[in-house]
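Place chain G on chain R using the hints.
So the sequences go chain by chain: R and G.
Using our numbering, the first residue of the first sequence is number 75, and each one after it goes up by one.
Using our numbering, the first residue of the second sequence is number 53, and each one after it goes up by one.
Treat the hints as calculated values from the structure; they're not laboratory data.
Everything numeric in this text was worked out from a predicted model, so none of it was measured.
Worth double-checking, as some hints may not be accurate.
[Stated by the list, open to error] Straight-line distance between alpha carbons at most 25 Å, and here's what the computed PhoX-like set of lysine-lysine pairs gives:
| hint | chain 1 | residue 1 | chain 2 | residue 2 |
| --- | --- | --- | --- | --- |
| 1 | G | Lys230 | G | Lys124 |
| 2 | G | Lys124 | G | Lys331 |
| 3 | G | Lys357 | G | Lys443 |
| 4 | G | Lys467 | G | Lys230 |
| 5 | G | Lys87 | R | Lys106 |
| 6 | R | Lys77 | G | Lys124 |
| 7 | R | Lys89 | G | Lys87 |
| 8 | R | Lys77 | R | Lys106 |
| 9 | G | Lys467 | G | Lys357 |
[Said to hold, decoys possible] Taking CB as the label site, the calculated pair distances span:
| hint | chain 1 | residue 1 | chain 2 | residue 2 | range |
| --- | --- | --- | --- | --- | --- |
| 10 | R | Leu160 | G | Gly308 | 19 to 25 Å |
| 11 | G | Lys57 | R | Glu203 | 50 to 56 Å |
| 12 | R | Ala228 | G | Glu438 | 56 to 62 Å |
| 13 | G | Asp160 | R | Thr83 | 51 to 57 Å |
| 14 | R | Leu160 | G | Gly272 | 35 to 41 Å |
| 15 | G | Arg275 | R | Ser87 | 32 to 38 Å |
| 16 | G | Arg275 | R | Ala147 | 41 to 47 Å |
| 17 | R | Thr83 | G | Ile71 | 44 to 50 Å |
| 18 | R | Thr83 | G | Ala477 | 38 to 44 Å |
| 19 | R | Glu203 | G | Asp274 | 52 to 58 Å |
| 20 | G | Ile148 | R | Ala228 | 46 to 52 Å |
| 21 | G | Arg77 | R | Glu203 | 24 to 30 Å |
Note that beta-carbon positions come from the ideal geometry of N, C-alpha and C, so glycine has one too.
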Amino acid sequence: MAKVPVQFTLNGSEKAEFVESGTTLLNALRDKIGDTSPKGGCHQGTCGACSVIIDGELRLSCLTLAETCNGAAITTTSGLAEGGVLHPLQRAFLDTFATQCGFCTPGMIMAAKVLLDHTPNPSRDEVVEALSGNICRCTGYEPIIQAVLTAARANSQNAA
Amino acid sequence: MELRKNYFADVRKDDLHEIGQPRPRSDSPGHVTGKTAFFADRSFPGMLHLKMVRSPHHHARIRSIDTSQAEKHPGVVKVLTAKDVPHNVYTILILIQIGPEDETVLADGKVRWKGEAVVAVLAETERAAQEAAAKVKVDYEVLPAVFDMEEALKPGAPLVNEYHGQNYYLYDSGECRKVRFGDVEAGFAGADHILEQSYQSSPIEHAPTETTGCVVAPEGNDRFTCYTNTQAMFFTLDNTSIILQMPGSKLHFVGGTVGGGFGGKVDVIVEPIAILGAKLTGRPVCFVYSREEEMQISSPRAAEKVVIKDGVMKDGRIVARKVTGYTDAGAYSRHSPYGAQKGAGHYPGPYTIPNVWIDTYCVYTNRTPSSAMRGFGVTIGDFALEVQMDKLARLIGMDPLEFRFVNAYRDGDMKAHRQPTEGAALIECMQEASRAANWPVAEKYMAMSSYRKGA
Chain R
75 MAKVPVQFTL NGSEKAEFVE SGTTLLNALR DKIGDTSPKG GCHQGTCGAC
125 SVIIDGELRL SCLTLAETCN GAAITTTSGL AEGGVLHPLQ RAFLDTFATQ
175 CGFCTPGMIM AAKVLLDHTP NPSRDEVVEA LSGNICRCTG YEPIIQAVLT
225 AARANSQNAA
Chain G
53 MELRKNYFAD VRKDDLHEIG QPRPRSDSPG HVTGKTAFFA DRSFPGMLHL
103 KMVRSPHHHA RIRSIDTSQA EKHPGVVKVL TAKDVPHNVY TILILIQIGP
153 EDETVLADGK VRWKGEAVVA VLAETERAAQ EAAAKVKVDY EVLPAVFDME
203 EALKPGAPLV NEYHGQNYYL YDSGECRKVR FGDVEAGFAG ADHILEQSYQ
253 SSPIEHAPTE TTGCVVAPEG NDRFTCYTNT QAMFFTLDNT SIILQMPGSK
303 LHFVGGTVGG GFGGKVDVIV EPIAILGAKL TGRPVCFVYS REEEMQISSP
353 RAAEKVVIKD GVMKDGRIVA RKVTGYTDAG AYSRHSPYGA QKGAGHYPGP
403 YTIPNVWIDT YCVYTNRTPS SAMRGFGVTI GDFALEVQMD KLARLIGMDP
453 LEFRFVNAYR DGDMKAHRQP TEGAALIECM QEASRAANWP VAEKYMAMSS
503 YRKGA
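Here chain R stands alone, though its shape is the one from the complex (with noise of 0.2 Å):
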């Protein structure tokens, strides 16, 4: 089958492979690139375990094309630390016993980290709706909402 081309940074890293047409953004970076922080969980765009950041949005890697990446600017929870220390919202997940079976952590934190990004300071409410297109089948929910506030106010206590 015909290879297509594909270049994009990924965590700040430049990455560059050969994919067959038609392979999702979830294939190309597990099995190609070897970032198996997106997790695989329907294939379908409904459980939120793949999910990652292109150019700041959030976005579903099972349901894009890695050919429409090119030249994008990707992120994944493996890429949020930085130099062993952990991002507040990886801290805020570890305090508040947010982590259960952990396959859905990944995508979470991804989901989140965008709402953080537009939204610094969300309500309750604001966290639940960014929260909605991930499924924690643990149903751990409640801490994974603590997280995600005690995160938004550690970043306003470090910006004050």
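Only chain G this time, still in chain R's reference frame:
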């Protein structure tokens, strides 16, 4: 977090060091950084993808299987049928002597539920495996099917599973698990009121976010490493050893990281056939359920029917209870004979009842095989029992919480299955619930104790 230390204060040392203290979870740092390795995060050069051809019928005889077109499909490396599986008929709980072996790894001559695995296709890509699976031709003769437990138990019902010979699991106690305690008919005869009710539930899917699957890598020395999200590592290792007729020393299972299980990943389904594929091709193999397979193929919680007849006195004492429970195993046993057995022990509930009669049936139907899920065998029973308790309280005009205090089991009480009660805490839990829910009960109930005589 608040610890209520007044409960059991006179029988417990106040030396808790861990309980009540927040301790970080050891797995969370991996989860929040995306470093936790789930089975599907492993891949190996040359890895093949396995896809299953599944039965479109609930019950059918297989006249013939033609895999020739599938084998010619570009990218296909191997096509497996029942004859390729060394020990094709198995049952998970044979490890604890719960037989007979009643389930096929790949269907042999017959399918007993819609979705049953018939042919396994191994190909270079997931897509090639999927396309080739669609080219396998299976000629079926459709048979009458039965979907209702009570219909399945009637004479003349279609026989679901020949390995059992009848549509129920034959326990050493006969056609059902039985509990007999006191004289239930005498209890009913002396009761002020009798209440008989039926309760029913449908199958429930666990729907874990991570679907069931495994990745197998041949180690080059006739040994295989299997990365799996099973919840039952040693069940899986031992059953795989039986199915593949390989010593356990040839099998290395790596797991413990499960992206949601809830009981749905305790069956031994994907690993043996994936390891067989790796053995016969010499290549790594990935077999992972699609979301559709997870919802339609993986075992759900069993459908249950519970019929409860209680005799109760005007003062609130339950004096007799008769329960008939039905667990829908679907076409194969898996963990359901055990689930139905747990129900038999559980149906008296956490209550002391002097006269008890319980029968629980594990029934075979042409539905998706059911298995474990969070308290299987007792969860649906608890729903039925506690709804029944509310109805009984209403029947005699008593407060439903006070009614439960009257009947609550306490240390030293003999349970219907003849285990004396030890370490009971129901009364204390209900006292705290009464406070927390602001649902007051009479002072005499707040003064009761699970373990102090006379209180």
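These are the hints, each one checked on the structure:
no.: 1; hint: Lys230(G) to Lys124(G); in the structure: violated, 55 Å
no.: 2; hint: Lys124(G) to Lys331(G); in the structure: holds, 21 Å
no.: 3; hint: Lys357(G) to Lys443(G); in the structure: holds, 18 Å
no.: 4; hint: Lys467(G) to Lys230(G); in the structure: holds, 14 Å
no.: 5; hint: Lys87(G) to Lys106(R); in the structure: holds, 17 Å
no.: 6; hint: Lys77(R) to Lys124(G); in the structure: holds, 23 Å
no.: 7; hint: Lys89(R) to Lys87(G); in the structure: holds, 20 Å
no.: 8; hint: Lys77(R) to Lys106(R); in the structure: holds, 13 Å
no.: 9; hint: Lys467(G) to Lys357(G); in the structure: holds, 23 Å
no.: 10; hint: Leu160(R) to Gly308(G): 19 to 25 Å; in the structure: holds, 24 Å
no.: 11; hint: Lys57(G) to Glu203(R): 50 to 56 Å; in the structure: violated, 41 Å
no.: 12; hint: Ala228(R) to Glu438(G): 56 to 62 Å; in the structure: violated, 43 Å
no.: 13; hint: Asp160(G) to Thr83(R): 51 to 57 Å; in the structure: holds, 53 Å
no.: 14; hint: Leu160(R) to Gly272(G): 35 to 41 Å; in the structure: holds, 39 Å
no.: 15; hint: Arg275(G) to Ser87(R): 32 to 38 Å; in the structure: holds, 37 Å
no.: 16; hint: Arg275(G) to Ala147(R): 41 to 47 Å; in the structure: holds, 44 Å
no.: 17; hint: Thr83(R) to Ile71(G): 44 to 50 Å; in the structure: holds, 48 Å
no.: 18; hint: Thr83(R) to Ala477(G): 38 to 44 Å; in the structure: violated, 58 Å
no.: 19; hint: Glu203(R) to Asp274(G): 52 to 58 Å; in the structure: holds, 55 Å
no.: 20; hint: Ile148(G) to Ala228(R): 46 to 52 Å; in the structure: holds, 51 Å
no.: 21; hint: Arg77(G) to Glu203(R): 24 to 30 Å; in the structure: holds, 28 Å
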